[in-house]
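**Student:** Chain residues, written in single-letter form:
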Amino acid sequence: MNDLLLVVEPLIPALRRYARALLRDREIADELVQDCLERVISRWGQRRNADDTRQWVFAILHNLAINRLRQRTRRGLHLAMEDIDEADLSTPAPQEHSVTHSELMRALDLLPEEQRAVLLLVSVEDMSYADAAKTLDIPIGTVMSRLSRARQRVHRMLDGVDPMPSTSVPDIDNPTRPALRRLK
Amino acid sequence: MNGGPMEPRPILEEDLHAYVDDALDASRRRQVQAYLDQHPEAARQVKAYAAQRQHLRAVLAPIAEEPLPPSLNLARMVQAHEQRERRDEHLPRPPWGWRMAAGVVFALGLGTSAGWFLRGHLPGDGDTGIAALAQEATHSYAVYASDTERPVEMGPTQRTELVDWISARLGRKVAIPDLGADGYHFIGGRLVMTAHGPAGLFMYQDADGTRLTLTVRPMAVDQDTPLMRPINGPVGGYAWADRGLGYGMVGASKAEVLHPLADEMRRQIGVSLRG
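Just so you know, the protein sequences line up as chains A and B, in that order. The opening position of the first sequence corresponds to residue 1113 in the working numbering, with each subsequent residue numbered one higher. The opening position of the second sequence corresponds to residue -5 in the working numbering, with each subsequent residue numbered one higher.
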């Protein structure tokens, strides 16, 4: 179990970031990370390949997060956009960014969850396309097409070509996804 | 093959993303760079994607810099896990088919005629406690998990109704654990009969169609046995009891696969019934 600590502990900050970016709720995200770590501990002996540990751990977290998101959808709840830490959103954007952080995060929230996952793993968690494919258990071609669609959509939303909806609008790619409320 | 200089491979949209993510080898990167130099529209797009990537990283970076809360102290979690393992190893594990004379007497006192009939016909059924539960769970698995037509009476979309129904019949609030993260999807459940009254049966299935059942019923004896007793036999599983409800998880997999699943069920049930 000593190698577990050495290998997994350094991943925890990134796991928290990924969970929080997917779920947009600090408490639930940390709960999921804790759940994920418990599973990692009890299944440490079942890992097939020590080189894939990072993808293996992220895959456990990702599956937990997706289940959580689906439960939320099943219950027909809105994402708690109002609960987002105000401090996160009010951080002034650096000069080079013409869009604000809150606009970017809103655009991210409006992506279908599978596109958001790919965009986060690749852009933020620095996973190679092959590692992202392994983590999400999808072909690499699907990673590429989701990444491409995610970037296009975020770009169009932020560029005003595809204005962000100001009221609840069902997501056309994923009709089961709950409509999002506009941030105040 | 006309023998002329080889044309570079056409530029793919994927190459533009790989350029943004710095995932190209040096020679392909040069080709993409040359393409971008001649195609201002594509260059603008790549620039926008690169800015988007940087921006996203900048916005989310502070999360990874926050100090970790006590709930995410991995060293402590590992320690707690090791303590649990040691404790489990030291407790005796009665073999399957284990009988308890007092239990039989107790069962005779309780037995209805239906219970009696079954008791006489189920091989090795000789206890009212956790061992009986384990056997009932195994029987329910054998009957329903193999059913291709109608393994469950209520499907996954009727989860709430199923919980209400089983809770009403058992006179106790039950919870259905979620094993989706372990690759087992909940496919529904039903009420089943045991020698000790009605029980709830919940069924799960993985991508290969391998099924797993959880049988739950109130316990007259062995009301709290947090230690999980391994169920041995043609199928494997674990049985335990928690606050008067007994649980038997059965599946056709090895103990290494089933143990963490049973741990996870026990944990989730504890969380949802204790609030």
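Just so you know, these hints were derived from the structure itself, not from any lab. Certain hints may be false.
[Stated by the list, open to error] Straight-line distance between alpha carbons at most 35 Å, and here's what the computed DSBU-like set of lysine-lysine pairs gives:
#1 A/K1246 <-> B/K41
#2 B/K41 <-> B/K167
#3 A/K1246 <-> B/K248
**Student:** Is the hinted pair B/K41 and B/K167 satisfied, with a Cα-Cα distance of at most 35 Å?
**Tutor:** 57 Å, violated
**Student:** Keeping to a limit of 35 Å between CA atoms, is the pair of A/K1246 and B/K248 held or broken?
**Tutor:** 25 Å, holds
**Student:** Does the alpha-carbon distance linking A/K1246 and B/K41 stay inside the 35 Å limit?
**Tutor:** Answer holds: A/K1246 to B/K41 is near 28 Å, not above 35 Å.
Checked against the numbered hints given earlier, the structure breaks only hint 2 and satisfies all the rest.
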